[in-house]
Every structure is written in structure tokens, then in C-alpha cells.
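Just so you know, we're using full-length UniProt numbering here: the sequence shown kicks off at 1 and counts up by one.
Hints should not be assumed to be uniformly reliable.
[What the hints assert, rightly or not] DSS-like cross-link-like pairs, simulated, lysine-lysine; straight-line CA separation at most 25 Å:
| # | residue 1 | residue 2 |
| --- | --- | --- |
| 1 | Lys385 | Lys349 |
| 2 | Lys347 | Lys385 |
| 3 | Lys147 | Lys97 |
[Stated by the list, open to error] If you anchor each label on the Cβ, the simulated ranges turn out as follows:
| # | residue 1 | residue 2 | range |
| --- | --- | --- | --- |
| 4 | Pro8 | Gly101 | 38 to 44 Å |
| 5 | Thr31 | Asp350 | 53 to 59 Å |
| 6 | Asn200 | Glu432 | 52 to 58 Å |
| 7 | Glu10 | Ala140 | 34 to 40 Å |
| 8 | Ser409 | Ile15 | 42 to 48 Å |
| 9 | Ala37 | Lys141 | 38 to 44 Å |
Simulated from the structure, these hints should not be mistaken for laboratory data. Since we're looking at a predicted model, the values are computed, not measured. Every residue, glycine too, gets a C-beta built ideally from N, C-alpha and C.
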Amino acid sequence: MAALTSLPAELLFMITSYLGNQKDILNLASTTRALYALLYTHAFTSLRLDDESHYQLTRLTHVLATNPECARAVRILQFEPSVSHEPSDVPVEEHVKYDGGVIRPILERLVSALVYPSDATKKKKDTNNNANENADTTVAKWEASLKEGNEIDLWVALALSLVPGVEELSLTFSYGSFYIRKLVSAVTLVGPDGQEPPFNLSRLRTLSARWCDTENGVPSSYILPFFRLPSLREFNGVCITDGRPEDENDLRGDGPPKDEGYYYYEEDYQPYPEYEDDPEGYFRRYPGNEGFSDVTHITLRDSNSEKGFPDLIRACRRLVSFAYEHGELGGGFGWLAPRRFYGSLCKHKDWLEELTIGYDAWASGYGHPLESEFIGSFKDFKVLKRLRVRGANILGRDGKMPFDLLPPSLESLLIEQFAAKNDQNLIEQLRELRSVVQSQCPDLISLRVESYQGETQPQEDGWPRYLDRITSCAIELVDCA
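When you get a sec, could you build the whole thing from the sequences and use the hints?
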């Protein structure tokens, strides 16, 4: 042990990074006073909660509340999917720790700061006594929810309010997720009287979010409040769906609405031609909702959008990377509609470097006409380097050969779900692309063409087949079969 304690702090931190379990780090820290002084706080830099009994979360919240130094040390905080599921065999409240002397002051501070523009008129009419009574009622209601443990969303929000230095956050949303949304909105929306926010997330750079169930998903409107954080640069979502325009009415109360609906749009609507990604005219009515976020990277896996996520894409000032993989979520939109992303993406044609629009690994489409729509030309996307699209969305257009649609800056092109054996026109277009690719895209390093998984493609005079290297361009055509 003496040899271990004599090591430099940087080396000890490197060793503990391989332990992977916070409990192991704390056990190591407890062996000597020297290691405790060095490693105890360090053990809180990266936290992952995956205990569905809520045991970890409620106890961690108390530790963070009573140890501000540990709370300030948190840089990575992950709430895994199982946190949002209630145990089926043991009552939740038996696993919940609640110390009113520790938690109630935090609740009082949070509730006192929950002021929204929509509440301003009402609050100004209230007397101080009425305001205090309302706050006390809310605190009592939230306290009861914390003790019961059924509203695990409230425990997550409470823990989140204690970690001002968190840089990477992973959340699992469940039905409603009222408390997280309410508290984050209080942080990012300016109150009518200049109230101080109840806490801050001034260092958060990466947000990951996923849904707790196999049906429905996280509405994009749940994510938009995070996009207002000045420090946020990256959003990674799993099972994200179309949300309605943000409605403050949902967050006016002191608890989740009794019957919160989930908002999906009719499958057969006809979008306005000039706003194909904005069928309801939302951004024309509320132009202020564009370009308010410094998020530069968005990745959406197994997600589902009929509108093309205009709220997320247009919220960004300068989007550098966007990836969307359409998933077949229960209750969501059935098929990929790539054209509806194009209008919003054009807002970022001067900055977008990487773009993916396609199906995820478990979805392949239904043959709906929207799936095969021409996505649009990328000729004017000045810095686009990596592009991944389905063959039907970029090939097979009369008078629009693929080399007329690609920017000179392109370095990597992946054309997937390419059904060559059913359409000789597509094969001819790929042959034409090969013949001019070096002159049209001089920076191209890699071209990959993939079929549908499990589908055999012709290998003789058909397509795809391996191409010889063209001077500096290594072009590879790959069959997935």
C-alpha cells in the first residue's frame, strides 16, 4: 500500500479510470487516509446510475446535497434506462431514502425560483402571503412525491440541480418527465422580474437522451429547453419523436398533467411546397425560435419524424453534423421522409460537414412514395465532407445525375439500400458517377455502395463490384449480402 500511495496523483487517477465502478474506487479510497483525501472526491467525477430500485439515485442525491465538494466534482452523469422503470416485486418506497432536513431546503430553493413569463401577471397580483402559501403547497406536494418514489423524474431533476459542473449528461425520459422539463426551463428562460435561476448548467457540452419504452418516444419539445444552454454543443438522441411547438401550459402547474397527450401528425397531410419541413407554419409564425442555440452536432438514432425535426435543426445557429436514422417506433410515423429535412438543412449549407439520413439497422421501409423522394441537391453545401443517403433519394432522377448534386468538398459518400438489380437506370447513373467523380469531387477518398441487408447483387456486368483505385481516390463498392 505504501508503494501505491507514493505514486503521483495523475497516475493514481489513471489507475482508477480502469476500475470502472465507483464503488471500487471508494473502497480503494477507504484503505488509507492519504488515498481517501485524494480519491474520494475524484470518485464522483463520473457517475452512472442503473439500479431500477431507485436505491442508488435517492442515496446519491443525499450525498451530493451534504457534500458540495463532491457535487462540484461531477463531470459525467448518466441515468441509464432502467432508472425510469419501477420494480415490479418490491414497493418503491422501501428503497427510497428521504431526509427532510437535507432535501426540503433544496426543494424550497427550487420552488421559489420557478417563475415563468406566463405566470408573471398572476404572480404580481398575488400578495406575499398568497405567494408563500402557494410555494409551501408545492413544496409539500413535491416532498410527498419524493417520499413515495413513484415520480422518479423528480429525483433525477433534484440530483441534476446539485451538479453545476456536469459536462456530459445522459437522461432517460419517461411519460411526462414534467420535473426535468420544468426545472431546465427555469434555468434557460428569463423570469419576468430577473429572478436568479434555481441552478445552472453552465458547463454542459454533451446531452444524450433516450426513451424508457418500446412505444412512443421523447418529443423534440422536451429537448429544446436544453438547446438554450449556451455551453451545449452536442445532442445525441435515441427514440426521439416529433413534438408540438413548446407549450408553456404544460409546465404551469406544480405537477404533471393528469392526462398528457402524445402528439403525432396525420400521415396524409400535404406540406406547403416552400416549407416542406414545416407543414404547420410554425417557424413562419414564430421566427424567433430559429438560430438561438450553439449546438453544432445532432445525432438521432432509432428516431421517428414526419416533419423532419425543423424545431431542432433550425434552433441551431451553425450545424456542423446531423445524423438521422429512422426507426419504426410504435405510435410514430411509419416511414422515412427525407425530403422534409432538406429545407431546414439548407439553413446550414455554409457550415454542414457531415450528413446522414436513412433507416436504422432494424428498419428497411415499406415502399411508401415518401421514402423514395428526391432529397435535394447538395451542390451548394460548401464544406460538406461526408454524406450518407439511400440510393433512391439521390439517384434515378431524370435530368439530375448524381455528380450534379454533390459538392466539390465531398470526401466520403455512402449510398445505402441500393436495389440495382431492379433498376438498370440506377446502375447507369453509378457508372456515370464513376467516370466523372475525380473531376467533380477531387477530394473524394471513399465511395461505398451497399444493398439492402440480405439481398444479393449482381457481380458480373451488374453493380456493385469492386472498382480499381483511381489515382488518389480509393473507391470501394461493397455488397452487404
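Open item on the list: Going through the numbered hints above, which ones does this structure break? Give me the numbers in ascending order.
Closed with: Violated: hint 7 alone.
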